[in-house]
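A.B. asks: Just add 998 to wherever you are in the sequence shown, counting from 1, and you've got the working numbering.
Since the hints were made in silico from the structure, they are not lab data. Hints may be right or wrong, so weigh each one.
Said to hold, decoys possible - Below, computed lysine to aspartate or glutamate pairings styled on EDC-like, alpha-carbon distance capped at 16 Å:
(1) Lys1596 / Asp1577
(2) Lys1161 / Asp1138
(3) Lys1478 / Glu1258
(4) Lys1347 / Glu1329
What you are looking at is a predicted structure, and each value in this text was computed from that prediction instead of being measured.
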Amino acid sequence: MFTLDVLETGYINLTVMDNTTLDVSVNAGENIVLKVYIDAYPQPDEVFWTFMNETVLNTSDHFVQWRDEGNNRYVSELHLIRLKGNEKGIYTFYASNSDANSSVGFNISVKTKPEILIVEKLGNDMLQCVATGFPVPSIDWLFCPGSDSRCVDSPAIIPVDTKHSMENSTSGRTVVESIIDVSSIKEKNGTVHCIAYNDVERITSIFSFAVTEMNSHTLFTPLLIGFIVAAAVLCIAMAVLMYKYLQKPKYEIQWKVVEEINGNNYVYIDPTQLPYDNKWEFPRDRLCFGKILGAGAFGKVVEATAYGLLKEDNALTVAVKMLKPSAHATEREALMSELKVLSYLGHHKNIVNLLGACTVGGPTLVITEYCCYGDLLNYLRRKRDAFICQKFEDHSESALYKNLLNSREHVCDGMSEYMDMKPGVSYVVPTKSDKRKSGSYVDQDVTIAMPEEDDLALDTEDLISFSYQVAQGMNFLASKNCIHRDLAARNILLTHGRITKICDFGLARDIKNDSNYVVKGNARLPVKWMAPESIFHCVYTFESDVWSYGILLWEIFSLGSSPYPRIPVDSKFYKMIKDGYRMMSPECAPAELYEIMKSCWNADPEKRPTFKQIVQMVEQQLSEKGHKISNGSPVCPNHTPVDHSVRINSVGSSTSSTQPLLANRER
């Protein structure tokens, strides 16, 4: 008797529907959506779009949407926003699974208005006009007699030669050159106009030259030559400045508020459309600025004293976010969006809360809570030598970190850390001269604030406490339909009572020089903290935040080590993540906490725990470990035992009495 096994071969079929053609022509500045239907079995394990052999990543100019329609059918959409002339070309969609692969390409033509590149005099009374555009423009010559510059019913001049040529550039644009002989003009006084036009636009900026004697030595004067040289220098300078501007990373708030969820397709609320309540307004003349807490490419965060923020006679230390004086309109809009999102979220103990704002009468200032111990990453690194090692179950996988706590060397990458924050434990009423500085952007050299140090040692219970508080904060953000997208120890601040507060410190970080942010496509991303679906499909969800929380747990229990140590972000790293590689447990992580990390790193986002479940799991570990730790704590070599009877219970404590209660401001 024979048994016959029939194995179905996988397949991938790509189709284009909905009146979408493979050759698309649009005007510059318009939007377009390229849609591909995928019939595949098994489900594709890799899908992506490319343009000019580069993978297309989600930006403000283009983004990819993916959805599962069931019955082995999927849809991928590439949204191209405000297309520019240099974005024409072939856009290709690729899909593959274990048995097959396929691709389909779209040829996008972007129509652009004409542009006159050159108007100059050649030898022998010849004038040359060179223009470009798509479709290729036509060039007309007109002679306007006398002083009339409108050229109404003026005679046309027939060119003696017209040429078309392709520029050797990435844009591949076609230029048209037209030449006329001005000696054929009978009148001796007037102007010659070169006009370029196509079916997009007829340009209104027309170059003209006075024709007085029609002799070569009078048509182009030294003044005109000087003007052309100056214009050329100006164009080159503008091109260089534009290139530098496009290369500069754009400031945008990382937190996104979800409006609607359709599978993996998240529709975000436009933060510019969120309302802003004037109850947050605070007089800028009641702010007295102090030391810089953090500075980045777009602005800085400055320590300040706010007078009368809670009570008329009260002085409160706060942190104030502000942009550089040279900030562009888009950056000012981004800071205003951050203000609106913070006001929408409301108050929670474990996020950096909004206290007020100054939006009128000067640059926008966002006033938030002040956290005296700086960011959690550098706090953990500073506390390594004072860490008390509790002994839990041995991890056979943790040999890599065996000597982590015995090293007394503090390795802090200046490119990746914040300028730590100095506490405001005393208040000094400013003099009149100090008052004059209030409410303005402080741009002179000032001393960088250094963090306050508590005298208590750090132990495993503290690390679990940090983990619990961050989980509470993230659970609050999730309840507000808010996705963080950059959850890491560098984005957690610490204040009195060892209270952790989640923030978005993008304004005060120079990601261009931060080693944690890796160039991927045309963006800089914190790849080592990102979930696989975010890395490979540009999908950001609540579940991708859970993955990042697992990386944050690893940072906490390794006392501020960089994740995936000694592994560079390259093609091998991406393959390791795809193949299911996960980090080993840090030395001092309890087995139960490492299990939580691994659950956060589940390859299937649907199988990862929610933040509500994580809060419950970590809370249980906090109570259990607190009981176990009380039975005895071996101390690391060269360290003195600490009397835990004077420790602050960081989970049960609240913010300092100087922190405002914003219950009346919650939405």
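A.B. asks: Could you grab the alpha-carbon distance between Lys1161 and Asp1138 and see if it respects the 16 Å cut-off?
C.D. replies: Holds - the C-alpha atoms of Asp1138 and Lys1161 are around 14 Å apart, at most 16 Å.
A.B. asks: Between Lys1347 and Glu1329, is the straight-line Cα distance small enough, at 16 Å or below?
C.D. replies: With a Cα-Cα distance of about 28 Å, the restraint between Lys1347 and Glu1329 is violated, given a limit of 16 Å.
A.B. asks: Take a quick look at whether Lys1596 and Asp1577 sit within 16 Å of each other, Cα to Cα.
C.D. replies: holds (15 Å)
A.B. asks: Hey, Lys1478 versus Glu1258, does the alpha-carbon distance stay inside 16 Å?
C.D. replies: This hinted pair holds, its Cα atoms lying about 13 Å apart.
The structure does not agree with numbered hint 4 stated previously, though it agrees with all others.
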